[in-house]
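Trainee: Residue-level listing of the chains:
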Amino acid sequence: MEFDVIFGNAARAGLGPTAAIFALAAVGLNLHFGYGGLLNFGQVGFMMLGAYGAAVVVATWGGSLWLGIPFGLALCVVFALALGAPTLRLRSDYFAITTIAAAEILRLLIRSSPATDVTGGPFGLQTIANSFYALNFLPDGRHGLGTFSFSSNQLWVMLVAWVLVLLCSALVLALIRSPWGRVLRAIREDEDAVRSIGKNVVAYKLQALVIGGVIGGLAGVVEALQQSGVGSENFEPQVTFFAWAALILGGMATTAGPVVGAILFWFLREGVESFIRELSTQSWLPDLLADFLDGSEGAISVTFMGVGLIALMALRPQGILGRGRDLHLGT
Amino acid sequence: MSTATSTATAATATDADGDAILTVRGVRRAFGGIVAVDVERLDIRRGAITAIIGPNGAGKTTLFNLLTGFDRPDAGAWALEGRALEGLPPHRIARLGMVRTFQLTRSLGRLTVLENMAVAAQTQPGERLERALLRWSWRAEERRVAERARELLDRFGIAHMAREQAGTLSGGQRKLLEMARALMTEPRIVMLDEPTAGVNPALTQSLLDHMRALNEQGMTIVFVEHDMDVVMGISDRVVVLAEGRVLTEGRPEEVVADERVIEAYLGRARAPAETPAEDGDA
Ligand SMILES: Nc1ncnc2c1ncn2[C@@H]1O[C@H](COP(=O)(O)OP(=O)(O)OP(=O)(O)O)[C@@H](O)[C@H]1O
Ligand SMILES: [Mg+2]
Numbered sequence: 001m002e003f004d005v006i007f008g009n010a011a012r013a014g015l016g017p018t019a020a021i022f023a024l025a026a027v028g029l030n031l032h033f034g035y036g037g038l039l040n041f042g043q044v045g046f047m048m049l050g051a052y053g054a055a056v057v058v059a060t061w062g063g064s065l066w067l068g069i070p071f072g073l074a075l076c077v078v079f080a081l082a083l084g085a086p087t088l089r090l091r092s093d094y095f096a097i098t099t100i101a102a103a104e105i106l107r108l109l110i111r112s113s114p115a116t117d118v119t120g121g122p123f124g125l126q127t128i129a130n131s132f133y134a135l136n137f138l139p140d141g142r143h144g145l146g147t148f149s150f151s152s153n154q155l156w157v158m159l160v161a162w163v164l165v166l167l168c169s170a171l172v173l174a175l176i177r178s179p180w181g182r183v184l185r186a187i188r189e190d191e192d193a194v195r196s197i198g199k200n201v202v203a204y205k206l207q208a209l210v211i212g213g214v215i216g217g218l219a220g221v222v223e224a225l226q227q228s229g230v231g232s233e234n235f236e237p238q239v240t241f242f243a244w245a246a247l248i249l250g251g252m253a254t255t256a257g258p259v260v261g262a263i264l265f266w267f268l269r270e271g272v273e274s275f276i277r278e279l280s281t282q283s284w285l286p287d288l289l290a291d292f293l294d295g296s297e298g299a300i301s302v303t304f305m306g307v308g309l310i311a312l313m314a315l316r317p318q319g320i321l322g323r324g325r326d327l328h329l330g331t
Numbered sequence: 001m002s003t004a005t006s007t008a009t010a011a012t013a014t015d016a017d018g019d020a021i022l023t024v025r026g027v028r029r030a031f032g033g034i035v036a037v038d039v040e041r042l043d044i045r046r047g048a049i050t051a052i053i054g055p056n057g058a059g060k061t062t063l064f065n066l067l068t069g070f071d072r073p074d075a076g077a078w079a080l081e082g083r084a085l086e087g088l089p090p091h092r093i094a095r096l097g098m099v100r101t102f103q104l105t106r107s108l109g110r111l112t113v114l115e116n117m118a119v120a121a122q123t124q125p126g127e128r129l130e131r132a133l134l135r136w137s138w139r140a141e142e143r144r145v146a147e148r149a150r151e152l153l154d155r156f157g158i159a160h161m162a163r164e165q166a167g168t169l170s171g172g173q174r175k176l177l178e179m180a181r182a183l184m185t186e187p188r189i190v191m192l193d194e195p196t197a198g199v200n201p202a203l204t205q206s207l208l209d210h211m212r213a214l215n216e217q218g219m220t221i222v223f224v225e226h227d228m229d230v231v232m233g234i235s236d237r238v239v240v241l242a243e244g245r246v247l248t249e250g251r252p253e254e255v256v257a258d259e260r261v262i263e264a265y266l267g268r269a270r271a272p273a274e275t276p277a278e279d280g281d282a
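Protein sequence lines correspond, in order, to chains H and G.
In this text, residue positions in the first sequence follow the numbering used here: the first is 1, and each later residue adds one.
In this text, residue positions in the second sequence follow the numbering used here: the first is 1, and each later residue adds one.
Quick caveat, the hints were computed from the structure, so don't treat them as lab data.
As the structure is a prediction and not an experimental result, all values here were calculated from the model.
It is possible that part of the hints are untrue.
[Said to hold, decoys possible] To give an idea of the interface, some chain H residues facing chain G are shown, with a C-beta separation under 7 angstroms as derived from the structure:
#1 A174
#2 S178
#3 P179
#4 V183
#5 E189
#6 D190
#7 A193
#8 R195
#9 S196
#10 I197
#11 G198
#12 Q207
[As the list claims (entries may be wrong)] Here chain H is said to cover these stretches of chain G; the calculated rule only asks that three of the stretch's residues, wherever they fall, bring their Cβ under 8 angstroms from a Cβ of chain H:
#13 105-117
#14 129-135
#15 180-194
[As the list claims (entries may be wrong)] Taking CB as the label site, the calculated pair distances span:
#16 H:V307 to G:E86: 52 to 58 angstroms
#17 H:S92 to G:D209: 37 to 43 angstroms
#18 H:S131 to G:R72: 52 to 58 angstroms
#19 G:R72 to H:W61: 45 to 51 angstroms
By construction, the Cβ of each residue, glycine as well, lies at the ideal position given by its N, Cα and C atoms.
Next comes chain G alone, as it looks inside the complex:
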């Protein structure tokens, strides 16, 4: 861990060193008395798969919420490829190429699976009200969007559900759909909050394969994970959060050997593999 300026508010996150796609400086968020996130410095490497681990309540989801604009920090700065993101609303951050998924899946139940995908396209001019009635002006793009959506659905093994309403999918299928939908936006970096929670082992395996394949195509992936086997198997870098702070950061095998990491987990008498079951949000 390198030392960052402790005056978090004065720091800017645009002084990225090396090959960081996302730089975080002094981001802090407290709920009442609880400091949920207090990250002095965190750099996410371009093109890497970074796992964020930490006990329940460590602040992983809160950190995702802050970085993607869904929550506002009390202090701090962060930047995507040198572009400062503080104060931007979630949709602007998503359009800049950082797209997140949610710990509790959020499928658009009364839209079809195909519509769930199509709505995530960033290229459809017919989404603008003034073009909506000019069918000829968006029909061609609509075909391209549907084609791309089908390709992705195919890759995630849910193409046969394309015409079904998303609300009829199983919990695991919804997780896949949500990830596919995030990819539909053609992001530069995806932030996946517990992508494997509540997904059966077979689906988990294919999900991990997708992540690896995407990564090989150059996508930067950050994901929250409780299962250490998954973490060890897939990630290039591991960030350990505990009580809102970055405890340590490094290669997987370095991190698991770190005394402080073992302490952070055992100190709370919880094994990392003890994943909380996800509630189906039907």
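Only chain H is shown next, with the shape it has when bound in the complex:
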């Protein structure tokens, strides 16, 4: 067994751009649910709008990427308002159902044939990030050790992505420590109590939805930059659930929770996948088992993550960084 290979792969996934993308998505979800109690199961919808907004401006309309990114984020604001305004007055489960449906409908619309002229339909859009990589000041060649290594451009995306993660985490922290954040946390505890002391609960929830959604949109932008393109298959509902898994793993309503959770999630997922791949090549393994393992490492690692999350819920439901006694104080 080549454990250095396995560890290298795992570390590369845990620190790579994908982990940063999920960290951003989870930071947004943390504002939504961890602090505001908003059950958003459609975070991928925001990611999709951020990514496609930027890509359409560049690839379809021939505009600048630096206009495309704000355009994508503006779409996220519109999506949040359209999603929240009618549903945030209702019970929270209506909102939850609406988010998951809206995100999937959006994806189906984007890949539908009438939309092909704009979104590329099932083929997506390509070569949108040239002006982003033109700014790369890192030296050429590969950087790193063994399997834990990145090309210059990969490193450039990572650098930008993790800086964005830091900035967004700092933004959420500052908001939560402000009187605005105090109202939001109060709403999470008991909406009616907050109404009774004169706060416009729906307005606060909408604001939180917009901000967390735009952070999700940034995650989508990074995804588009990383691939230098977009494709609707990257925005299936499971993306939202992986972001939730990262948040639960790291710990809700903590500043570092979503980030630590995303790093760990991808580290473990890739680690298990890589381990199974290595295992299937071992000569001492019976052929039957080796054949089974070969090619099913992805399924096995996702299963492992699922079982791991269930175990976490049983042993440490507040997540790695969460505060245990808080769980008993909720209303």
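Chain G with the ligands: place on chain H using the hints.
Mentor: For chain G with the ligands alone, kept in the frame of chain H given last:
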């Protein structure tokens, strides 16, 4: 009881007579076949302590919900100091100065006791999103808010819990906190739904003392109460609700002598002192 117009929808509540702070005209609310509230006319006197009594299910809580915007009536009008309140959402009504508490306490469990208080301030500009990141623009007010919160907590005897999470308080302490939080909004009139339910006798006494002290400072207090000793001891006016209607209204000693009141309670074979225990909502 004076007679009001029976066409409730046409009535407006702004024709207040005398020194009423809150006027209610023809407010009606039915749940399916049950008419929970049907109040033709009710005036709450400015600066008075008004007790609302009535058997279980009389519609006291529903009336509070309607007046404070938490529920919508089928018909009727009501006004606070001449300002019509129909159709306003709860937060607008609270901002106009009418603040309610809940029969089942609603503390913000994972906020500290101090935060529970601070969040009720109406003067903090940092609660607006566009100011939230401009720390310098709300820091001074935050200090004033904390100071006022501590004063109130002190008065209610829970200042030593200020840094604790509200979820760790006892049921009685939560009742105190909820009342203190309502006062933090600096209301003109507070509507307390069974403030003494589930509170031990010693705390009840201090709670009543607070109510009296607040009243002396000019606050109008309306409260729902099942314990007749409390009602007799503290209130200036008593309103008796039965099956959603105002049965009678007057000074405490007038009301207890009223045949209809005795009948309303005994007719249901329930003594008014038979207070339902409050469930702790941990
Ligand atoms: N949301 C609701 N749906 C249906 N019926 C309701 C609803 N709320 C109240 N009721 C009914 O309306 C009537 C009045 O209830 P309400 O809670 O206002 O009484 P109350 O005077 O506060 O009683 P208690 O002393 O027990 O608190 C009761 O018959 C109750 O069952
Ligand atoms: Mg009641």
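Trainee: Which hints from the list above does the structure break, by number from lowest to highest?
Mentor: Hints that this structure does not satisfy do not exist here, as all of them hold.
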